[in-house]
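Protein sequences appear in the order of chains A and B. Note that numbering that gives the first Met the number 0 numbers the first sequence so that position 425 is 424, with each residue one more than the last. Note that numbering that gives the first Met the number 0 numbers the second sequence so that position 200 is 199, with each residue one more than the last.
Please keep in mind that the hints were generated in silico from the structure rather than gathered at the bench. Computed from a prediction, not measured in an experiment: that's the story for all the values here. Watch out, some of these pointers could steer you wrong.
Said to hold, decoys possible - What the simulated footprint calls covered on chain B by chain A, stretch by stretch (three residues with Cβ under 8 Å from a Cβ of chain A suffice, anywhere in the stretch; the number is not a length): (1) 51-60; (2) 66-75; (3) 86-94; (4) 243-255; (5) 392-406.
Stated by the list, open to error - A partial selection of chain A residues facing chain B, derived with a Cβ cut-off under 8 Å: (6) Ala54; (7) Pro87; (8) Leu140; (9) Asp146; (10) Leu382; (11) Leu392; (12) Gly404.
Even glycine gets a Cβ: it sits at the ideal position worked out from N, Cα and C.
Below are the chains, spelled out letter by letter.
2 protein chains.
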Amino acid sequence: MVVVGSGFGGLFAVQELGRAPVEVTMISRTAYHLFQPLLYQVATGILSEGSIAPATRKVLRRQHNVRVLTGDVTRIDLAARTVTSTAPGKATVTPYDSLIVAAGSGHSYFGRDDFAEHAPGMKTIDDALTLRGRLFGAFELAELETDPAVIERWQTFVVIGGGPTGVEIAGQIAELTRRTLPGEFRTVDPARSRIILFEAGPEVLPGFGERLSDKAARELRRVGVQLRTGTKVVGVDETGVDVVAADGTRSRIEAMSKVWAAGVAASPLGAQLAAQCGAELDHAGRIAVEPDCSLPGHPEVFVVGDMMSLAGLPGVAQVAMQSGRHAAAEILRRLRGAPTRRPFRYRDRGNMAIVARFSAVASVGRLRLAGFPAWLVWLLVHLIYLVGFRSRLTALLDWAVAFGGGRSERTVTLSAIRGLAPETPPHSTSDHRSAHPTDGRSR
Amino acid sequence: MVVVGSGFGGLFAVQELGRAPVEVTMISRTAYHLFQPLLYQVATGILSEGSIAPATRKVLRRQHNVRVLTGDVTRIDLAARTVTSTAPGKATVTPYDSLIVAAGSGHSYFGRDDFAEHAPGMKTIDDALTLRGRLFGAFELAELETDPAVIERWQTFVVIGGGPTGVEIAGQIAELTRRTLPGEFRTVDPARSRIILFEAGPEVLPGFGERLSDKAARELRRVGVQLRTGTKVVGVDETGVDVVAADGTRSRIEAMSKVWAAGVAASPLGAQLAAQCGAELDHAGRIAVEPDCSLPGHPEVFVVGDMMSLAGLPGVAQVAMQSGRHAAAEILRRLRGAPTRRPFRYRDRGNMAIVARFSAVASVGRLRLAGFPAWLVWLLVHLIYLVGFRSRLTALLDWAVAFGGGRSERTVTLSAIRGLAPETPPHSTSDHRSAHPTDGRSR
Numbered sequence: 000m001v002v003v004g005s006g007f008g009g010l011f012a013v014q015e016l017g018r019a020p021v022e023v024t025m026i027s028r029t030a031y032h033l034f035q036p037l038l039y040q041v042a043t044g045i046l047s048e049g050s051i052a053p054a055t056r057k058v059l060r061r062q063h064n065v066r067v068l069t070g071d072v073t074r075i076d077l078a079a080r081t082v083t084s085t086a087p088g089k090a091t092v093t094p095y096d097s098l099i100v101a102a103g104s105g106h107s108y109f110g111r112d113d114f115a116e117h118a119p120g121m122k123t124i125d126d127a128l129t130l131r132g133r134l135f136g137a138f139e140l141a142e143l144e145t146d147p148a149v150i151e152r153w154q155t156f157v158v159i160g161g162g163p164t165g166v167e168i169a170g171q172i173a174e175l176t177r178r179t180l181p182g183e184f185r186t187v188d189p190a191r192s193r194i195i196l197f198e199a200g201p202e203v204l205p206g207f208g209e210r211l212s213d214k215a216a217r218e219l220r221r222v223g224v225q226l227r228t229g230t231k232v233v234g235v236d237e238t239g240v241d242v243v244a245a246d247g248t249r250s251r252i253e254a255m256s257k258v259w260a261a262g263v264a265a266s267p268l269g270a271q272l273a274a275q276c277g278a279e280l281d282h283a284g285r286i287a288v289e290p291d292c293s294l295p296g297h298p299e300v301f302v303v304g305d306m307m308s309l310a311g312l313p314g315v316a317q318v319a320m321q322s323g324r325h326a327a328a329e330i331l332r333r334l335r336g337a338p339t340r341r342p343f344r345y346r347d348r349g350n351m352a353i354v355a356r357f358s359a360v361a362s363v364g365r366l367r368l369a370g371f372p373a374w375l376v377w378l379l380v381h382l383i384y385l386v387g388f389r390s391r392l393t394a395l396l397d398w399a400v401a402f403g404g405g406r407s408e409r410t411v412t413l414s415a416i417r418g419l420a421p422e423t424p425p426h427s428t429s430d431h432r433s434a435h436p437t438d439g440r441s442r
Numbered sequence: 000m001v002v003v004g005s006g007f008g009g010l011f012a013v014q015e016l017g018r019a020p021v022e023v024t025m026i027s028r029t030a031y032h033l034f035q036p037l038l039y040q041v042a043t044g045i046l047s048e049g050s051i052a053p054a055t056r057k058v059l060r061r062q063h064n065v066r067v068l069t070g071d072v073t074r075i076d077l078a079a080r081t082v083t084s085t086a087p088g089k090a091t092v093t094p095y096d097s098l099i100v101a102a103g104s105g106h107s108y109f110g111r112d113d114f115a116e117h118a119p120g121m122k123t124i125d126d127a128l129t130l131r132g133r134l135f136g137a138f139e140l141a142e143l144e145t146d147p148a149v150i151e152r153w154q155t156f157v158v159i160g161g162g163p164t165g166v167e168i169a170g171q172i173a174e175l176t177r178r179t180l181p182g183e184f185r186t187v188d189p190a191r192s193r194i195i196l197f198e199a200g201p202e203v204l205p206g207f208g209e210r211l212s213d214k215a216a217r218e219l220r221r222v223g224v225q226l227r228t229g230t231k232v233v234g235v236d237e238t239g240v241d242v243v244a245a246d247g248t249r250s251r252i253e254a255m256s257k258v259w260a261a262g263v264a265a266s267p268l269g270a271q272l273a274a275q276c277g278a279e280l281d282h283a284g285r286i287a288v289e290p291d292c293s294l295p296g297h298p299e300v301f302v303v304g305d306m307m308s309l310a311g312l313p314g315v316a317q318v319a320m321q322s323g324r325h326a327a328a329e330i331l332r333r334l335r336g337a338p339t340r341r342p343f344r345y346r347d348r349g350n351m352a353i354v355a356r357f358s359a360v361a362s363v364g365r366l367r368l369a370g371f372p373a374w375l376v377w378l379l380v381h382l383i384y385l386v387g388f389r390s391r392l393t394a395l396l397d398w399a400v401a402f403g404g405g406r407s408e409r410t411v412t413l414s415a416i417r418g419l420a421p422e423t424p425p426h427s428t429s430d431h432r433s434a435h436p437t438d439g440r441s442r
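Excised from the complex, chain A in its bound form (with noise of 0.2 Å):
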């Protein structure tokens, strides 16, 4: 048996199977598992990646049964039943009896491929680290600057997407605009930043509800993001952003880093198999499952998580970690010979976002929570999940520093800043000479 992937999906499938007498061979293209909920607080310097992303094989290690690969999988072949994986300089092909695809989903620039240049998304640690670099290293390029235009371009943070992730991240950007980064810089005041979060529908985090979609905005807005809903990015380039308003009203604003967390695209290989099935594919590269999350003609193939288009289920952690377990126990029972094909019921365990310091909303059962109360259940559930006892330490150590307007892990790497603008020819030339005596008694 084969599992593609090692995110949610992947990852509570093969822990389902436990120690059943199955040979599983898991295939992902990243070594470790990502708690992607986390990762942007990787972005913002809170957590180190290793809190969020232990490596895969050391999480499965005891279960002997599963042997882990690394490897990018190219292609699925439903008629030969065989997996096709690269790594560098080496191809590597699997056949399966049984194979469950859980590669999840990328960012969908709506086919505007050339934004992801300019606005890059939040799916791997990689990103994290993109971003991360990004955002402190703006701060940086600004105080080499004495261009006031210049320094609010570099102190303008556009994020794309109002659903939790860009919720969270821009609610992270002020935080760090407004209580870590002040008293380091002398020419540039971080706290002068605008932070502007757009959302082309009506409200943020449209899945939670009105009223706590009405609760996180006004949030937001006293931390310091100007929130535009109903306004669409139609444009994104090394300086700036191009909006159109609700009422049609186009405009420009001046930004160099952008975050895009609007469109997801479900991975590549959701159109390969449904080619090869005849199965539909969503708007977002999705594939219309049976209800037991098999493939249509191959039951044999079950498709989980992102990936999986089926009764209007969303693209969260929790549908990817249930249909996981369900198309794993599936397996088991034909092996056991017991009755198959039972649909995948899934239970609704809640929905939760941080939106600031100590103020979160959550939507779990009938409840609807936000500030205190909510941002309680999110740190219980968050240290809960996160996987070994080191990581959960770590991580309330790192919010702890974060909650005093400390940041731990702000280092950013040269290949990180380096995307921040071309390397030669430089823009401008500045001499400190007149901006900046030095020496001298003049304190």
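Mind docking chain B on chain A? Use the hints.
Structure of chain B alone, referenced to chain A:
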């Protein structure tokens, strides 16, 4: 006044200035202050970047007389008294009255810069993350192979240079293969890895004296490192190294993973300064300074730390810290009108290196410690010198994980693993069909 570099020399110089009535501009290529002696622990997955590389401007935020600029210093003009630095898209010219140059050192491949691609060194956070990717990535790629010769090549780790960095990294790779990784792979047996440490001289840790060198050598062998002293590495390519033993015998070791911890070369700014003032450069590109660390003929310019050649002082953290402080004190005395040109006096506070778990060597004053007592001293000293409470606590926690055989920070980014082998075309294709039957009740 301008300080070039945010390492030990630059940081200690700036801190020595305290709140003195001097305007200081610190210019550094990295936005972080690196605790370089622990860099190998970032490379081997023990510590996160944030623990050893806090943002320089955060460390210095309360020194209101200091301005921190991020930029690569490309030119120092002694006649015009200016420093030119570049950042992405930006060149900056900063004039100075006094200058402290503490730009440190990089790797020297002894004229063979083509070695660099295959045997990265250990000087920056980027270096450490690249090496982390190569170390953990080597096992990921080995696990995909079926040819024993290819697997062995992935499992052979060559460390070039038997100083503290080489010894520490070799010891940690051994721990990794013997204690962290076993049980996580199905094809590869990490404990069968070869770790080979090459040192051109007759012994490892030459600065520590014969007794401690012997102890360190014995301890390295105990944990599984093969020592090859008196052996020169004369060739480094993608798949291995060529070496010449003391008796002239040439041999070849097949190894995909190589670490360079041998040659050190002072920043090229040294040569630039020497050309302008006629000072001498030693074999490592270090500039011969006056007894007070100033540049010959330029009492307003000081060269400290790894860039300075003075009385045979070694390129270690303590020398950088103390010479940086000395230069700053000299500048303060001149501003106060006190007599200057006092010669720099180095107080040797000792030397230490971790060899394996709970085992170190330390040479402090007349004391020569080895094994557990030396390890305790190491632990204490490093806890004291790490910057910030959170870094100390996290480091202690991460060290506790490492003593238990774990590694907290194993996350390998795609960009790091990509350097391991050419992405296309693949070297080979494995078919896991025969080697690894899937599904079925085979266990």
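Now the hints, each set against the structure:
no.	hint	verdict
1	51-60	holds (count 6)
2	66-75	holds (count 5)
3	86-94	holds (count 9)
4	243-255	violated (count 0)
5	392-406	holds (count 6)
6	Ala54	5 Å, holds
7	Pro87	4 Å, holds
8	Leu140	6 Å, holds
9	Asp146	11 Å, violated
10	Leu382	16 Å, violated
11	Leu392	6 Å, holds
12	Gly404	11 Å, violated
Consistency with the previously given hints fails for numbers 4, 9, 10, 12, ordered from lowest to highest.
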